[in-house]
Amino acid sequence: MATTITKPETLVGKRIRRREDPRLITGTATYVDDIKMPGMHYATIVRSPHAAARIRSINTKKAAAHKGVIAVFTGKDTQKVGPVPCGASLPGLRVPHHHILAMDRVYFAGHPVAVVVATDRYVAADAADLIEVDWDVLPAVADPEKALAKGAPAVHPEWPDNVAFNYHQEGGNVEKAFSEADVVVKQRITSQRLIPTAMETRGVVADWRPADRQLNLYSSTQIPHLMRTLVAQMLGLEENRLRVVAPEVGGGFGSKLNVYAEEALMGFVAMKIQQPVKWIESRRENFLCTIHGRGHVDHYEVAAKRDGTILGIKLHIIQDLGAYHQLLTPAIPTLSVLMMPGLYKTQNVRADIVGVFTNCVPTDAYRGAGRPEATHGIERMVDVLAAELKMDPAEIRLKNFVTKEQFPFPTATGLTYDSGDYAAPLKKALDIVDYQNLRNEQAQARKQGKLMGIGMSTYGEICAFGPSPATPAGGWESATVKIDPTGKVTVMTGASPHGQGEETTFAQIAADELGVNIDDILVLHGDTAVVQYGIGTFGSRSTAVGGTAVYFALQDLKAKIKKFGAMLLGSDDVSFSGGQVICNKTGKSKSIQEIAAASYRAMKLPPNTEPGLISTHFWEPPNFTFPFGAHIVVTDVDRDTGAVAVRRYVAVDDCGNILNPLIVDGQIHGGVAQGLGQALWEQAVYDDNGQLVTGELMDYAVPKAHMMPRIESDHTTTPTSVNPLGVKGVGEAGTIGCSPAVVNSVVDALAPLGVKHLDMPMTPETIWKLIARSKS
Amino acid sequence: MIPQAFDYTAPKSLDEALGLLAKGAKPLAGGMSLIPMMKLRLAAPDHLVDLRRLKDLNYIREQGAAVHIGATATHYDVENSAVVRGKCPLLAETAAHIGDVQVRNMGTIGGSIAHNDPSADYPAALQALEAKVVLKGAKSERTVSVADFFVDTFTTALEPGEIIREVIVPVEDSGTGTSYQKVAQPASGFAIVGIAVRVRKSGGKIGMARIGVTGLANRSYRAAAAEKALEGKAGSATEIQNAASLVAERVDVNSDLHASADYRRHLAVVYAARALMAALARSA
Ligand SMILES: Cc1cc2nc3c(=O)[nH]c(=O)nc-3n(C[C@H](O)[C@H](O)[C@H](O)COP(=O)(O)OP(=O)(O)OC[C@H]3O[C@@H](n4cnc5c(N)ncnc54)[C@H](O)[C@@H]3O)c2cc1C
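Sequences listed follow chains H and A, in order.
Heads up: the first sequence begins at 1 in my numbering, then just goes up one per residue.
Heads up: the second sequence begins at 1 in my numbering, then just goes up one per residue.
Wrong hints could be hidden among the right ones.
Stated by the list, open to error - With a cut-off of at most 30 Å between alpha-carbon atoms, the simulated BS3-like pairs for lysine-lysine come out as follows: (1) A:39 <-> H:61; (2) H:604 <-> H:186; (3) H:36 <-> H:176; (4) A:26 <-> H:36; (5) H:704 <-> A:39; (6) A:55 <-> H:62; (7) A:136 <-> A:55; (8) H:14 <-> H:399; (9) H:76 <-> H:399; (10) H:67 <-> A:233; (11) H:36 <-> H:14; (12) H:67 <-> A:132; (13) H:563 <-> H:588; (14) H:62 <-> H:447; (15) H:488 <-> H:399; (16) H:14 <-> H:769; (17) A:205 <-> A:228; (18) H:186 <-> H:14; (19) A:39 <-> H:67; (20) H:150 <-> H:80; (21) A:23 <-> A:132.
To be verified - If the Cβ cut is set under 7 Å, some of the chain A residues that face chain H in the computed set are: (22) 1; (23) 140; (24) 144; (25) 186.
As the list claims (entries may be wrong) - Restraint ranges, calculated between C-beta atoms of paired labels, are given here: (26) H:661 <-> A:145: 58 to 68 Å; (27) H:122 <-> A:22: 39 to 49 Å; (28) H:449 <-> A:218: 44 to 54 Å; (29) A:237 <-> H:309: 14 to 24 Å.
Since the hints were made in silico from the structure, they are not lab data.
Just so it is clear, the structure is predicted and the values come from calculations on it, not from any experiment.
For glycine and all other residues, C-beta sits at the position ideal for the given N, C-alpha and C.
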């Protein structure tokens, strides 16, 4: 008879090492490019070198005649394929038809024009060079402010003003608030275009089985199920004939929360050539053709009383959309508006967004997606206000926070903040840096002419996307948990982790709930043929929404296990713990293995009970969650060169209950790295002709390990009542909290020189010029 | 990111290699510069001859009053060689600034100087060290000074069919202080400015000063005016500052996304002063 080792401890809350790491560290994981199939062909995509041009003609003859080439397709061939989808809708939104291959015009450098399919990738690349396109180069515009100016080149000729949409949102009474103000501070704040730079570029393998009428699409994506639904529609294929697999995915950061031209294109090619085909994006293509993030020019106005009480906020956002709408492009800046009040009480806000077409690759969700911009804006503005009022930045924040007692707190933008204690992480962070002493040290340093800065940000974010009515594609998540006849457990989640560690955290939840060994649990995801349906992994949602679905599926399953246990023990008075159903009277027990075997053997069934142990739950969240935290950054600025050194980085984050502190710290570290990248180094630069100047890692400065400061990470814990796990989400927190803290710190360092604001990235040269100017 | 087709040979002897090179093949060393260029299709050699397997190019040895470094010695080898660290520490210090560990494990001194990227690190040190480069063809061998070797951006004194056989660096006199100070470009890690300094004092005065500069101009160079300004000086802060302010004299300074010409020039002055200070502090 099977014996169960009773699990001695609970795993939730422990620093369990990630179960997915061995295969990642040893290089044995299977990414898209590791997939090999008999008869597989390779595709190379020919892309426009121009940001705007008419295509007079395309000559594919030489390429098609090249040895090893089996097909060449252009826009004419693919025009029946449906457009690349935009899932966001806004009133009056102008949506350009986004063909998967350009028809007679290209709109950004990198725009796909043709695809060459060959027996190997070297041949395909050689043949791609043989395609001749006769271009009529047109003027381009790559800057959203310039695109709005009179006489700017029209990105889409049908909309000469380059405006894709105007959006307005208002709450409270802004005019009254501003008329009652003692002070109004204004600032133009930019959040530059960033390149998400996932370690693994995108890639697709498409495998068409004509006899089965089945298309298998392997893609490096965060949303396999949504992709199935959308790509099936693009290809005119019945959805149940398309299987999408997200194999190992080497990071996404939002850039793979999308459906791209190449996914449908490879499906199209495979169905045409009746052979499998692979396309792997090069790093250069990744920079040119995978979505970028941010791209904001914001104008802020904040009205306040002399005592620092914030009365109201006005915000005007110019959003650089790029040439097209990808899946969520126009929705991203609306998230900035939702979060524009930050952690502060003010009930009077007004925001306007103008979404602008430019001859650049589209912007879309990048780690934080709209919230880093909002946090950066409000956290800069609070510092600008504090400087104006000569108040301490910590004091002005503490004065304006929504207080502990006010939750659930309805915001002026229509949200309900679930739970919070905003002063707690700030106070903890101030303690960790020994704030008062630090300020004294700064005063001393300033006397010696040193430029030392102390900056903070207290951020709030909207996570766990989200209630379905408030999301473009459904905001629930699903889970199936099944126990095999031998007692092994499989969890199938509709979330699609790609580095976040849910194979570990979901196993922790299941191990605790079922009382089984974590090694007996397998977590499966990312395959539409295996997993019921799902929404995917983005918006810090997987654990709060997907983990909750797992939790509820486990509750159903536990109930069933108890029923079988009660039947086997012949008693109604049973309890379930440590992987055993125990008769409370006799102390006799049945293990999960025994129960599983009996449930499938089905010699006898409890009343109204089906055989087997399997349970599926689709969980619809009643609200978003709202994590928060405080980051404090101490910097030293080199007077001679303008270089910024981060001396200390303290992050106190409150993401509700913590399932695995190791993973949470990892998320914070990675998030902070990307926030520092934006604050100090990264920017996607297009020249006036729409050429991407930072087209390679040699010019686009992602932070490397040696550029990172040590991060002192700590937490406060304010559970949410939105879900039974009490978890809020932490995937984007580090990024959102980071950039304003760093900028505030450097502005503070330069304050003695009269500096009031800096845009990102704060390059040494920019700072050096400010220092030089202050001397003259 | 997919190169054009090419032939590849790993020759057994230097003569075999030189024979192939005479026929127009291109040498491959660490591949850290050449292979990215091929992947971007900026270079499309028909035939690569792999030099790294040739034992007679991979050595570091002291010979007479000089250290001889074979062309295929990796940056890691140079950084960690007891001979280089002991006899010409400036070069070891400089090697440690190149790229990251992977690049240092693969990249070679011969490949770096043959490539002659105007932002590469080695050239600054080799200029300050007044090193020599031995060039070998199928039928000839010649020795040139680095001052003559580094001609222009990505251009050297190498003739077709010639390879770099070795780099010769004089053994440092005891008492010489050296330092390499670099501002790294945040994306690539190459030098926006790199300053290599050697100074020796005698009788309380600076008797010798050598300043090699990289990153600033189309090629590395020695800042002769600055060197001269230091000779006979005690090395006070003002004297250092005055000398440093001459490092970019009459130089046509590079300008790019990462640093304008003005800023680069300014950094060169600041970093020259820092390198001089550090080197003086290390001199006896
Ligand atoms: C990510 C990255 C970061 C880097 N950072 C830095 C940095 O910070 N500082 C820096 O200085 N460099 C840097 N480099 C460049 C690196 O130092 C290269 O190793 C070096 O420039 C080339 O050396 P290699 O041995 O790899 O040569 P290869 O790439 O193999 O060859 C380069 C060129 O030299 C020729 N060649 C090679 N050997 C010989 C020879 N013996 N005789 C004649 N010709 C020869 C080749 O034909 C080719 O034209 C970096 C490179 C990378 C990829």
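task = Against the structure, test the hints numbered earlier, and report the numbers of the ones violated in rising order.
result = When the structure is compared with the hints, numbers 2, 3, 4, 6, 8, 9, 10, 11, 12, 14, 15, 16, 18, 20, 23, 24, 27, 28, 29 turn out to be violated.
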